[in-house]
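Participant: Here's the letter readout for the chains.
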Amino acid sequence: MVIALSEIERRLLAEIQHGMPASSTPYRDVAEKIGVDIDDVLEILNSWKKDGRMRRVGAIVNHFKVGLQAGAMVVWQVEEDRIEEVGKMMASFPEVSHAYERPSNDQWPFNVYTMVHGPGAEDVRDTIKKMSAKVGIKNYKQLETIRELKKVPPTYILTGDK
Amino acid sequence: MDKLDRQIITELQMDFPISPDPYGIIADRLGIDTDILLDRVQALIGSGTIRRIGISVDSRKMGYSSTLAAVRVAPDSVESACEIIETYPEITHSYLRADEFNIWFTVIAISQQRVHEVLEELRVKLNIELSDVLDLPVKQLFKLDARFKPTK
Numbered sequence: 478m479v480i481a482l483s484e485i486e487r488r489l490l491a492e493i494q495h496g497m498p499a500s501s502t503p504y505r506d507v508a509e510k511i512g513v514d515i516d517d518v519l520e521i522l523n524s525w526k527k528d529g530r531m532r533r534v535g536a537i538v539n540h541f542k543v544g545l546q547a548g549a550m551v552v553w554q555v556e557e558d559r560i561e562e563v564g565k566m567m568a569s570f571p572e573v574s575h576a577y578e579r580p581s582n583d584q585w586p587f588n589v590y591t592m593v594h595g596p597g598a599e600d601v602r603d604t605i606k607k608m609s610a611k612v613g614i615k616n617y618k619q620l621e622t623i624r625e626l627k628k629v630p631p632t633y634i635l636t637g638d639k
Numbered sequence: 016m017d018k019l020d021r022q023i024i025t026e027l028q029m030d031f032p033i034s035p036d037p038y039g040i041i042a043d044r045l046g047i048d049t050d051i052l053l054d055r056v057q058a059l060i061g062s063g064t065i066r067r068i069g070i071s072v073d074s075r076k077m078g079y080s081s082t083l084a085a086v087r088v089a090p091d092s093v094e095s096a097c098e099i100i101e102t103y104p105e106i107t108h109s110y111l112r113a114d115e116f117n118i119w120f121t122v123i124a125i126s127q128q129r130v131h132e133v134l135e136e137l138r139v140k141l142n143i144e145l146s147d148v149l150d151l152p153v154k155q156l157f158k159l160d161a162r163f164k165p166t167k
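Protein sequence lines, in the order shown, are assigned to chains A and B.
Residues in the first sequence are numbered from 478 upward in steps of one, following our numbering.
Residues in the second sequence are numbered from 16 upward in steps of one, following our numbering.
Hints were generated in silico from the structure; no laboratory data involved.
Keep in mind that the hints are not guaranteed to be accurate.
Straight-line distance between alpha carbons at most 30 Å, and here's what the computed DSS-like set of lysine-lysine pairs gives [claimed, not checked]:
1) A:Lys-565 to B:Lys-154
2) B:Lys-158 to A:Lys-618
3) A:Lys-607 to A:Lys-565
Take the sequences, apply the hints, and build the full model.
Facilitator: This is the structure we're talking about:
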């Protein structure tokens, strides 16, 4: 069930979608910028958090700079009736940040996707081997990153300025 | 980066208080002065260790549609693909990967129709076949937690 955004909610989302001010009073500054009371800003954010539209407010870190230089997307070919069990086992690894089921097709048989992180390429490979052993699946592919082409926060409200 | 920086990074990723004085609350939790915390945070943002303080949105619940997609393009088309991808605000992350499907990207848009439009426009601009595009929307979420514990 999707709840439509109010006019103030849209203004707030447009203002903070790419990040909040790095000031000592970020919410106050955002409120001032969009012309509402700080309590309105806090109330909206709390309501988003409560209904799940927002997971949290927090720092987004560059994982390269906190010691996790290596990462890989690994795609797994899992039998249909084991997807849920395998997905949950994958999710239990602290080195795994993302685990999803996605559709497979004739030319792409993989249906479980994981992002694995570690200090170095070897750590990541070790983790992947451990995951493979734990779930008992050998049909997988590590899609190594050659280059990051783009990484920007989502734009939910188009505001004209980029 | 010292121990305090690592503590700050961990704390700021967990739950940034929704309060008039978020840094005062975090400083109390860490048992340090607010001014020291603010200086450290500014430095961590300045060095790019913290990309930003922001909101983590559940795009589906917020009313948006998304997918992970991959395209198979010839090596000499990678640069032009990059330029095309750059023009779409709906495409948020993109990676060149070592696979026959070599360009991977995420699309977040106001509707499923718009997601499909973006994929179709890209396909036409790249002059590739339908079979050169993988559209892989989430069927089931097992984990999404991109909060990282600093290790050094």
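Participant: Decide, hint by hint, whether the structure agrees.
Facilitator: Here's how the hints hold up against the structure:
Simply put, Lys-565 (chain A) and Lys-154 (chain B) have alpha-carbon atoms about 14 Å apart, close enough for the 30 Å limit, and the pair holds. Proposed proximity of Lys-158 (chain B) and Lys-618 (chain A) is supported: the alpha carbons are some 19 Å apart, at most 30 Å. The suggested pairing of Lys-607 (chain A) with Lys-565 (chain A) holds, with an alpha-carbon distance near 15 Å, which does not exceed 30 Å.
Against the hints set out earlier in the document, no violation occurs for any number.
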